Amino acid sequence: MSEPETRTDGKTPALEMGALALLVVVFLIVSLVRLQPFSPTADTASAIGIIVAAGLTFVMYSFLYRDNPLFKIAENLYVGVTLGYGAIMTWRLSLMPEVYDPFFNSPTWGAFWNSALHRTVPIILGVLLVTRLSRKYGWLSRYSYALMIGWGSGLAIPLTVHSYILQQLSSAIAPFHETVAHAAAVPIFSQAWFFELVLPALGAVVVMIGTVAVLFYFFFSVEHKRVGGAISRLGIFFLMVCFGASFGYTVMGRMSLLIGRVQFLLYEWLKIPK
Amino acid sequence: MNIPTHPACGMTLARCLACCGVLLAGGASVSAASAAVPDPNSFQVIDLPSDDGSAVLVLWARPDNEVQGVRYAVEIARSATDFESGGFKTEVVTSSAEALASAKPEYFGRSSQNDRRYFAEISPVELFPPPKWPKLTPERLNELAKAKVITQSELTWALSAAENTLAEDKLSAGEKTDRKWLEDFQGYMEIQDRLNELARTRVITDAELARARSVPWNTRPDAELSAAEKAKRKWFESFVGYIKTEDRKARDAQTAAINRATYYFRLAVLDGATKTYVERDGRPMVVSGSARANLFKWGKLNNLIFSLIFGAVVLAFIEVARRRPGLFIRKIAGLDAVDEAIGRSTEMDCPVFFVHGGGSDVGDTATIASISILSQVARRTAEHDSRVHVTNIDPIVTAVSQEVVQQAYTLAGRPDAYNPDDVALVATDQFSYVAAVSGAMVREQPGAIFFMGYFNAESLLLAETGASTGAIQVAGTDQYIQLPFFITTCDYTLIGEELYAASAYLSRDPRLLGSLRGQDVGKAFLMITIFGVSVAMTAAVVVGWDFTWLMDLFIAR
Amino acid sequence: MVYKRLIPLLLVFVIGLLGFVQEFVPHPLSGQFREEMTMWFRVIGGFALFIGAYSLLHMHVARIRRRMAGWGYSVFVFLGAAVMIAVGLHNGGLGPLAAEPQDRMTWFKWGYENIQVPCSATIFSILAFFMASAAFRTFRARNVGAALLLGAAVIVMFGRVPVSEAVGGWLFGVGHSGVFPRAADAIMEYPNLAAQRGIMLGVSLGVISQAVRILFGIERSYLGGSDE
Amino acid sequence: MTRSPADLLRLRRTRHVIYLLVAAVVVLPYLFQLSMPFKPSSWAEKLYHRVDSLKSGSHVLLSFDYDPASSAELNPMAQALLRHCFAKGLVPIVMTHWVTGVSQVEKLLRDTAEEVQKQTGKPVESGKDYVFLGFKPGTSNLVLNMGENLKAAFDKDFYKQPTESMPALTGVQSLKNIDMAVDLAAGTPGVEMWIVYGSDRFHFPLGAGTTAVQAPQLYPFIKSNQLVGLLGGLRGAADYEQLLKKPADATRGMLAQSWTHTLLVILIIGANLRLLAGLFRRKRTRDA
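Chains A, B, C and D are the protein sequences, given in the same order. Numbering-wise (my numbering), the first sequence opens with residue 1 and increments by one. Numbering-wise (my numbering), the second sequence opens with residue 275 and increments by one. Numbering-wise (my numbering), the third sequence opens with residue 832 and increments by one. Numbering-wise (my numbering), the fourth sequence opens with residue 1060 and increments by one.
Hints are supplied without guarantee of correctness; some may be wrong.
Claimed, not checked - Here are some chain A residues pointing at chain D (derived, C-beta under 7 angstroms):
| # | residue |
| --- | --- |
| 1 | SER94 |
| 2 | MET96 |
| 3 | VAL99 |
| 4 | SER163 |
| 5 | GLN167 |
| 6 | SER221 |
| 7 | TYR249 |
| 8 | THR250 |
| 9 | GLY253 |
| 10 | LEU258 |
| 11 | LEU266 |
To be verified - Straight-line distance between alpha carbons at most 16 angstroms, and here's what the computed EDC-like set of lysine to aspartate or glutamate pairs gives:
| # | chain 1 | residue 1 | chain 2 | residue 2 |
| --- | --- | --- | --- | --- |
| 12 | D | LYS1282 | D | ASP1259 |
| 13 | D | LYS1210 | B | GLU428 |
| 14 | B | LYS454 | D | GLU1184 |
| 15 | B | LYS454 | D | ASP1259 |
| 16 | D | LYS1215 | B | GLU520 |
| 17 | B | LYS571 | D | ASP1259 |
| 18 | D | LYS1219 | B | GLU614 |
| 19 | D | LYS1282 | C | ASP1016 |
Claimed, not checked - Ranges of calculated distance between the beta carbons of each label pair, as one might list FRET restraints:
| # | chain 1 | residue 1 | chain 2 | residue 2 | range |
| --- | --- | --- | --- | --- | --- |
| 20 | D | GLN1220 | C | LEU920 | 44 to 54 angstroms |
| 21 | A | ASP101 | B | MET559 | 51 to 61 angstroms |
| 22 | C | LEU928 | B | VAL594 | 52 to 62 angstroms |
Hints in this document: simulated from the structure, not taken from any laboratory. The model shown is predicted, which means the values in this text are computed figures rather than measured ones. A virtual CB, placed ideally from N, CA and C, is assigned to each residue, including glycine.
Working from the sequences, and respecting the hints, build out all of it.
Next up, the structure:
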């Protein structure tokens, strides 16, 4: 699939230009043959949609081989389209329901005054936000940020303490005495003793040592020498394992994205039977 | 064979004797049960702590000689007299571990007393709900049909639906539509019936009243309606929406009022058939209480204390750093590479790229850190007389970056060299950002690339493309899922907190150095806690002490 | 100075304090207050669109005006945006004030589903290739750290897919077919958890201390570096 | 690490070879269908059983916080979850925090409902058997408001039907009344936001499904029981399909997965062998 459909950029020889043109033609022929967009029975709009989508897919992949005019076009078009889509969605989901309707679509005067009372200030602040664009009046936008960022920071403190510090702290502490309490009854040197006490306890120890070592690695006020150096090296090792692990774990997700595209091209563009 | 049982407590005589030692005389049932009745002085009603005023707690002591599986009846009334008139509700509590106060440490704390008293959580509004709008009765429907509000056929549907009390899933498709119709009509009538009241309370004007009245009930689909009718319907729908929200506000107020009111409580022991009240001077004892909206969530006390102390520590160290500049900060690998990277791209006469993360947002910690790193990078580029390209995805970050870069050039004494178009918003969405930045990187062949801030999936896409251009790459993010990709594709990577430290390291700004020192104190505290408390708790378990209070200090509620 | 700096900073402090406090107050009023603020930010947020659109288009206008290299391509940005906004406002004939019709296709939906979606998905999927090349290029056991990195990566990568069970069974006998998955889980559950907890705790301290700096007007970069 | 143009050229060539290998390995399994047995991960099982244990009529809030870019991974999960809910007669309350996700989530929901309708013959209607609240801006604040009053936060559903008297929402006044929630997320706003602002505050069991990338980040939350279960990436989806006994796209994808992973492992090992060989040769020359 990644075998680029187009092979050229501005400066490369006519040969590659030719290849590019050829591939485009091949692509179009295949599409027309497989999807029959203009046959009376077909749903032309969606058929053409699939062709466009497939074409863009190939063009985007072509970047893997080399930058080229088609990619440049697609890239800029794409940037434009996302901007347009974003604009319309902001209108539909934010500006229309929150700003336009409450004033111009209010069923009763009561409703109108209600929105006037509650929404005037934020709308003014919204307008102030836009002054950011002007060098002269840009400072007015500070009132809007001041509000948003102030609120955000104020809220962030207790919530971070709650879910990232206390929660993590208590679940970092729990495993030890819980395993011990849990396995209090099991006879020593039995299989259960090993699997229910020793192993979990070891795991807990590893986690604790790792957590502490990593925290120490992020200690900035002491030079990492001698003992400190050793601990922070241990911290780095834990970090490395962690990074390796999440890299490995991630591969799966990324591959499935590629699989998603392949499925699209095979099932919807080439219409091969499932 | 049948075992003789005690008439009152329904136990075998033997056990009855054993437990309450009553006389064999069957008539003495009162005294028999009274032995198992909670102590009147313990029967009390308190407001449920740390809540928004929606419930009260009824508490009573567990009798020492409690009968197995006995049940307690909590009777709630709106006034003491309602007990006589029978206008009271009853909540039954079966004696069990869940009913004991010890089951809810967040309400009662951890006291040894707690497994000796029961509690019941009572939410008044659930017992005395606000009145519902009356359902349309067949009589009413007939009237409406006479008044030509609805047609005869509609009447027949409505009646069939009104009489049909089957559950939703037992209905045929036809019956379903009838019921739906009735529900809609009900809604319509509620509004119609309430219009006067709404006008009276000035929620709507008389004009609007008239307008609303003029909208007839009709079930024809939009397609069949004239433009005027369509408009009317559309208006009426949004009108109904408005009225409903108003109603919701009203209902919330009502609920609050119901909860706020004072209620009267009696407690009885249900013992087989007999019901023995907790009595005071011969009559069933009545206590009263009411729910209050509280002002503090006591469960969050540890959170508050940590926030305040840590905040204070940070501020204190910032002050210290102000007084004594030049606090020590350990070397951060990669930051010394910044100059090298910029220098090299100057030699090769290539631009320097500074790429903000796709998740950047001016309120985000990583983004703010990256902005202050940018100011340092821009400063150095200006000094090296080279160009810096800053790519953004967030308009506000763009604006801030522009100011920062301009300032840096001015400080470097080359304000003329600053070109606002070098700091640009290249796209407004994650992957179009990737496309745009990758394209730019390949075309402009930068000598050095900095990826700083809040990155999502774009991290590897950008860094790998950057790597293919042969540029020196320095990255930094606090998004640890993305760190592996920077680690593998960049020459230097700032890991998590190092990103925050970096701005302090480069700028040597005492405020940043100070708060960094504060954070170190915080980390020290965390390390000691994790280690110390784990050991203490484990020891406690082994020795058999009760250290739950220690654990409670760290429970997030 | 007062209007440009002092008042905004005071505003930050006051609103921040309110945000902080309401988190600890169960009283219904604090809930209502939060709802009100949410609505405010929804309203304000909508206006950010204009800044975004302006700064993006501004750059491309400049490119075209200055005839910078590849300026011709910038035209397509305007094309894409213009068409998308046009069909969005047209909204299948219902106009900008109506809700999007659910029952039928509009050209706006068409553009989204056939241009934006495939582009995003494709670019995202390029990661698959990049991970392969990045892994091949940099997973070399040059030192202990690197060895750990690549060891963990290989085990987890392999342990996550069914084939590893087949291989495990073949290597260690049918009874032990779960070896690789279990090894992968172990790595994820212990060292990985430890390191993440470490990073998480460190970062959250950083977040809090920054929030504090912002509230007390010590951190101001978000107001824009220069003052006037 | 300065690189000479020659190095860069060689790197580019190697890259192209690797890209081709990856592409080949992904495409081939689709041309030759094979199958491969595997057993579901414990966390997928936890989530499945949690959902499975709900009584019919319970309300399950499904927040599908992802956009088409990650639909390859998350759509199969969403589909499996919805199928499960409909099969058990649970009432899914579906929403999304991602603007860009709205239309595809709507499509997915409609298609799944129709499909179930076809199979069971019972009608599956919006507002009765499921609710689609659609999108509203506000992320965390929106969740907080839903916790206060869900019907105030969403006074209308996606199809502009008032939620106030919606049969599907009877008994649901706020997040406190829902029986369970599952968040499928591709990033932020996503699971962590739901934990911090949702389940932690309003106390409902929260399950999660994420792209494989996000998953490791959530391990601490599972350990601290802030999550009842987790589906990680396509494998997670495949696990759920297995548990449901309804193999679909995810299961099919696992094959390609297996091969690509194996390829990567081989590549890495190969690279390291080359490294070793290099060291060995250098040592030789030094000895000589």
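The hints, checked one at a time:
no., hint, in the structure
1, SER94, "holds, 6 angstroms"
2, MET96, "violated, 12 angstroms"
3, VAL99, "violated, 12 angstroms"
4, SER163, "holds, 4 angstroms"
5, GLN167, "holds, 5 angstroms"
6, SER221, "violated, 26 angstroms"
7, TYR249, "holds, 5 angstroms"
8, THR250, "holds, 5 angstroms"
9, GLY253, "holds, 3 angstroms"
10, LEU258, "holds, 5 angstroms"
11, LEU266, "holds, 6 angstroms"
12, D:LYS1282 <-> D:ASP1259, "holds, 15 angstroms"
13, D:LYS1210 <-> B:GLU428, "violated, 30 angstroms"
14, B:LYS454 <-> D:GLU1184, "holds, 13 angstroms"
15, B:LYS454 <-> D:ASP1259, "violated, 38 angstroms"
16, D:LYS1215 <-> B:GLU520, "holds, 15 angstroms"
17, B:LYS571 <-> D:ASP1259, "holds, 14 angstroms"
18, D:LYS1219 <-> B:GLU614, "violated, 59 angstroms"
19, D:LYS1282 <-> C:ASP1016, "holds, 13 angstroms"
20, D:GLN1220 <-> C:LEU920: 44 to 54 angstroms, "violated, 25 angstroms"
21, A:ASP101 <-> B:MET559: 51 to 61 angstroms, "holds, 57 angstroms"
22, C:LEU928 <-> B:VAL594: 52 to 62 angstroms, "holds, 59 angstroms"
The structure fails hints 2, 3, 6, 13, 15, 18, 20 (numbered hints given earlier, in ascending order).
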